[in-house]
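> Hey, can you work out the whole structure from these sequences and the hints?
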Amino acid sequence: MTLALTHTWAEVIIDELTRLGVQHICIAPGSRSTPLTLAAVKQSQHPRRGVTLHSHFDERGLGYLALGLAKAHACPVAVVVTSGTAVANLLPAVAESHLTGEPLVILSADRPFELVDCGANQAIEQPRLFSSHVTQTLSLPAPETAMPLSALLSKIDHLMAQQAQHGGSVHINCPFREPFYGERDRTTEQSLRAGLGQWLTDDKPYVSMMPTRTQWQMPASWQHLASQASKVVLIAGALPANVGAQVARLASVLDAVVLADPQSGVKSTAPGHDLWLNAPSVRALLDEAEWVIQLGGRLVSKRLGQWLANIEVPYWLITDREQALDPAHRPSEYIRFMPQQWEEDLDALSDALTQLQRPVSGWAQAVTTAAQIQRQHVYAKVEDSLSEHRLFQSLPKWLPSECDVFLGNSLTIRLADIWSELSDYRVYANRGASGIDGLLASAAGVQRVNQHPMLVVLGDTSALYDLNSLALWRDAPAPAVILILNNDGGGIFDMLPVEPSLRDAYYRMPHGLGFEPAATMFGLPYHQPKDVVSLSETLRGALQSPGAEVIEVNTPAGEAGSVLNRLLAEVAHG
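Counted from 1, the sequence shown has number 893 at position 128 by the numbering used here; the numbering is strictly sequential.
Please keep in mind that the hints were generated in silico from the structure rather than gathered at the bench. No residue lacks a Cβ here, since even glycine has one placed at the ideal position from N, Cα and C. Among the clues, some could well be false.
[What the hints assert, rightly or not] Computed cross-link-like contacts, DSSO-like style, restricted to lysine-lysine with a CA-CA straight-line distance of at most 27 Å:
{"hint": "1", "residue 1": "K1146", "residue 2": "K1295"}
{"hint": "2", "residue 1": "K1162", "residue 2": "K969"}
{"hint": "3", "residue 1": "K1032", "residue 2": "K920"}
[To be verified] Pair by pair, the computed Cβ-Cβ distance ranges are:
{"hint": "4", "residue 1": "L1229", "residue 2": "H989", "range": "53 to 63 Å"}
{"hint": "5", "residue 1": "E1264", "residue 2": "G815", "range": "56 to 66 Å"}
{"hint": "6", "residue 1": "T953", "residue 2": "A1089", "range": "47 to 57 Å"}
{"hint": "7", "residue 1": "P1265", "residue 2": "A1337", "range": "17 to 27 Å"}
{"hint": "8", "residue 1": "T767", "residue 2": "S919", "range": "15 to 25 Å"}
{"hint": "9", "residue 1": "R949", "residue 2": "P906", "range": "19 to 29 Å"}
{"hint": "10", "residue 1": "T1134", "residue 2": "N1075", "range": "21 to 31 Å"}
{"hint": "11", "residue 1": "Q1120", "residue 2": "E1098", "range": "30 to 40 Å"}
{"hint": "12", "residue 1": "F822", "residue 2": "S904", "range": "26 to 36 Å"}
Next comes the structure, spelled out in structure tokens:
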């Protein structure tokens, strides 16, 4: 009876999750998780609600693989792990999803009550492991006949309804008693399911939650401001992939200066703001702004964040997240769009603004012209030799028309923010907790959903930190390039005012390692171009060839940071 009951519970859990939108399940090896793993395998063969299975031997990488799948798919992704530290290794990905909203469903197998905190092997306290980093936790009992399957289904449906409303991860802890293996009694399993009625034959969740539909309306306070303000700054943060046209229309209606983050998919009218904001004359012109509207949050540019913190004008923040997204804690109007309603709500806002009689000025064009002159002046000061700055200046010219880009954190995404105009491409990044862990795994998850050619750009320390996840790229579904910028340590720390002798020992931490042996170990083609021309040719060729390839670009330690400091100083002093 125990064997039949355990596997029936696991199959019901997995079946219900697919009715609630789960189409991908990520699985790590383990014995205690056998019921969930076998249920996922069975579900993958379902004629109508089959799921795609992914596996990885490293739970930390598996969590980030799931994060990437959810990032691109915008649907919940389940993760199956065994008990003990296997669950704890998911915390970094769960923390990231809490901040950026990707819906992960953590299914952790566990020892039953009597085997926890008694010296039993591979047993830790799991129910509260993720603390405030999950939207909600469901701690199940070990399977028992006294608890009907209808209660199990109802609990799962309400849990997933919370996730649908708030985003982020949910945790379902699943204690199982042995045995997990052996001949199963199918008659007993059918009798256990007998009380589920129509659920057994249809594709609907046991409890259907109808989403609340809200129709957005422009606040009255906006109407007065919009009819007065002619100098508007529109800031685009991380946004859904399909709203570029709506943002462009809104910017046109407002005659706004557009400052776009690399994650936005929106074209800046004055790109490179992290650089030209250091120019007093251009910044003074931007300071004339009368109204700032920010769409989405978590901006890359430190200088843009500083400008926002100091500008004293009405500031409206539009997001689909409930979390606060203003580090400066400014007085503001905080407007929440529903995640699936961005397009229509932005159109409604543009429609409302179009009906108003708004003042017109040439201020936006003046800001754009001044910023472009400043950027072009500095752009020409970057040498033609192969460097991280020259690479990011040239990058958009090297990419095919349909290519996704995944940017690593630290110096990588900051240089892309300054030099690379990537609005024609879908750009992904992990900018919640902004860690360097799991970047290769997250990018692999994105590509598995989109099936597009992909360029992944990250630093050497980030690549070392997620080296196990190169295994996920052995069967890339489309051309892919993993471009590793090796400046022998954490180049971002060159920007810190730290004594040089301490910087290397405790911040940069040079390693003296190259990535050719790692590429060979995982069976990935490897290239190490020495100049801009060969890098261009190698990158273009790899993005047209099947599978993933590793390109390593070596630059002198400290070069990128020192060049950036020099350029910022030149901008600041004219």
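> Determine for every hint whether it applies to the structure shown.
Here is what the structure says about each hint:
Restraint check for K1146 and K1295: the C-alpha separation of about 21 Å stays at or below 27 Å, so the hint holds. Taking the CA atoms of K1162 and K969, the gap is about 48 Å. The hint is violated against a cut of 27 Å. For a cut-off of 27 Å, the pair hint linking K1032 to K920 is broken: about 44 Å separates their Cα positions. Checking the proposed 53 to 63 Å range against L1229 and H989 shows it holds: the Cβ atoms sit about 55 Å from each other.
Between E1264 and G815 the C-beta distance comes to about 59 Å, which sits within the given range of 56 to 66 Å. Checked against the given bound of 47 to 57 Å, the beta carbons of T953 and A1089, roughly 51 Å apart, stay inside it. Distance hint check for P1265 and A1337: the Cβ-Cβ separation is about 23 Å, which falls inside the suggested range of 17 to 27 Å. The supplied range of 15 to 25 Å is met by T767 and S919, whose beta-carbon atoms lie about 23 Å from each other.
In this structure the supplied range 19 to 29 Å holds for R949 paired with P906, their Cβ-Cβ distance being about 21 Å. Hint check: T1134 to N1075, Cβ distance near 23 Å, so the stated range 21 to 31 Å holds. At about 20 Å, the CB distance of Q1120 to E1098 disagrees with the hint of 30 to 40 Å. In this structure the hint that F822 and S904 lie 26 to 36 Å apart at CB holds, the actual value being about 27 Å.
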